[in-house]
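Using the numbering used here, the first residue of the sequence shown is number 1, and each one after it goes up by one.
For the record, the hints were derived by calculation from the structure and aren't laboratory data. Quick reminder that beta carbons are idealized off the backbone N, C-alpha and C, glycines included. Heads up, a few of these hints could be off.
[As the list claims (entries may be wrong)] Straight-line Cα separation of at most 25 Å, PhoX-like style, residue types lysine-lysine; simulated pairs:
hint: 1; residue 1: Lys216; residue 2: Lys164
hint: 2; residue 1: Lys143; residue 2: Lys53
hint: 3; residue 1: Lys181; residue 2: Lys90
hint: 4; residue 1: Lys143; residue 2: Lys161
hint: 5; residue 1: Lys130; residue 2: Lys79
hint: 6; residue 1: Lys143; residue 2: Lys78
hint: 7; residue 1: Lys197; residue 2: Lys181
hint: 8; residue 1: Lys161; residue 2: Lys191
hint: 9; residue 1: Lys164; residue 2: Lys65
hint: 10; residue 1: Lys214; residue 2: Lys191
hint: 11; residue 1: Lys191; residue 2: Lys216
[Said to hold, decoys possible] Derived Cβ-Cβ restraints for the label pairs, each shown as a range:
hint: 12; residue 1: Pro36; residue 2: Pro108; range: 45 to 53 Å
hint: 13; residue 1: Lys39; residue 2: Arg77; range: 18 to 26 Å
hint: 14; residue 1: Glu166; residue 2: Pro120; range: 33 to 41 Å
hint: 15; residue 1: Thr83; residue 2: Ser230; range: 17 to 25 Å
hint: 16; residue 1: Phe32; residue 2: Arg57; range: 41 to 49 Å
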Amino acid sequence: RPQPSQSWNTFVVAMGIVKKGDKEADKQAEAFEDPPMVKQLKELDDKYLDIEKEYQREVQKLAVKYTELQQPLLEERKKILLTSEEDGPKTGTPALSSFWLQAMQNHPAFEDIIQEWDEPVLEYLQDIEKSYVDDTDGDAGFKLVFRFAANPYFTNTELKKEYKTEMSNPYCGDIEVKEIKCDTIEWQTGKDVTVEKVAKKVKGGGAKKNKQKKEKEEPRPSFFREFFRSLAPGQPLSEDLKEELRGQLDSDEEDDGEDDDQMLEYIMDGDHDIGLAVRDQIIPFAVRFYTGEAVPDRDDDEDDEDDEDFDNDDDDDDSDDEPPAKGKGKGKGKKAPKKKESGDSADGGQESKEKQEECKQQ
C-alpha cells in the first residue's frame, strides 16, 4: 500500500497544484506505481477516450461541412451592408452605419474594452471573418480577420488575429492557449488612438517654462491596444499590461504574488474567451446584437444585490466622512460607545449629559 506522502504527491501533480516543470514532483509521480486494479481501470479509461477522440473527429468534419454551407449567407450579409448610395455615408458599412461597432458594443465581452476614441476607427470596419487553424482539429485554434475600408487612421485593410490552442486535459475538456498572434497596426502619423499626448514637465519656471512646453505620448486604454496584441508564454510583460491586470484583479503591486507567467496565462485565457464570443456569437448573429435582441438579460436579483452593495458602501463612506450630526466641534455629535469605567452606568452617564445639554440651551 502506498505511503500517504506518495499518494499526496501523485494527487497534487494530477490536479495541477504543483507548478509546471517541477521535476521533483514529476519524478515522485512517475516512481509511484498504480495498484493492479487501478491499472486495469485506466486501460478501460484509455479505450473509452480513444472512442471519444474518434467522435470528436467526426464532429469536426460536420462542423467544417456546415460552416461551408453557412458561408454564402455571411457573404450575402456583407454585400448588403456594403451597398452604398452616392450621398450615403463613407464608412465601413454604408447601408447601416456603425453596424459592427454597435454589434460589438452591445455584447458584454466588449463593454469595458471599446473606448470613445476607438469608435471613429471602428466606423470603418466592414466585416469580420472566422476560420479554423486546422480543419481536422477543432482544438488547434481559430483565426479572426477584421476587414476595414480605407480610413484616415491606419494603412491596414485587414487585421488578422490567430489563437493557437491545444487540449491540455482531455478528461475535463480543458483548452490551453499556447499563443496569440496579431498583425501590427500601421498607424498614420498622429492618428494612433492607443496613446494620448500629455504635457511634459520642464524644469524652471516663468517665461522659460512657457516657451519650452513639450508633449509626450503615453499609452491609454483602447480596443486596438488590448485586442490586437500578440501574446505567448515566457514573454516579458509590459508595465501597462501589468497595470491593466492589476486593475482587473483589483489588487496592488505589493500584494500581487503572481509571477509573470501566471499573470500572462490569465490574460491569454481572458483574451481567448473574447475571441470565442466574436467567433461563436457576434459573427453568426451580428444583426441580433446590432438591434440588441441577442444581448443576454441580467438577473434582476443580481442587479438589486449590486445596487444594495453599492448603497451600503456609500452609507459606510458617508458615515466615515460626514461631520457630526448635532452641534459644532468635537464631542457634540454621535460617537462610538466608550468603554465603561468602574462605578459608572452607561444609561446614567447618557442621562446626565442630556440634562447638561438642556440647561445650556435654556
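Consistency of the hints with the structure:
no. : hint                         : result
1   : Lys216 to Lys164             : violated, 36 Å
2   : Lys143 to Lys53              : holds, 23 Å
3   : Lys181 to Lys90              : violated, 30 Å
4   : Lys143 to Lys161             : holds, 6 Å
5   : Lys130 to Lys79              : holds, 17 Å
6   : Lys143 to Lys78              : holds, 18 Å
7   : Lys197 to Lys181             : violated, 28 Å
8   : Lys161 to Lys191             : holds, 22 Å
9   : Lys164 to Lys65              : holds, 22 Å
10  : Lys214 to Lys191             : holds, 19 Å
11  : Lys191 to Lys216             : holds, 14 Å
12  : Pro36 to Pro108: 45 to 53 Å  : holds, 51 Å
13  : Lys39 to Arg77: 18 to 26 Å   : violated, 55 Å
14  : Glu166 to Pro120: 33 to 41 Å : holds, 38 Å
15  : Thr83 to Ser230: 17 to 25 Å  : violated, 35 Å
16  : Phe32 to Arg57: 41 to 49 Å   : violated, 33 Å
Taken one by one, the earlier hints fail for this structure at numbers 1, 3, 7, 13, 15, 16, listed in ascending order.
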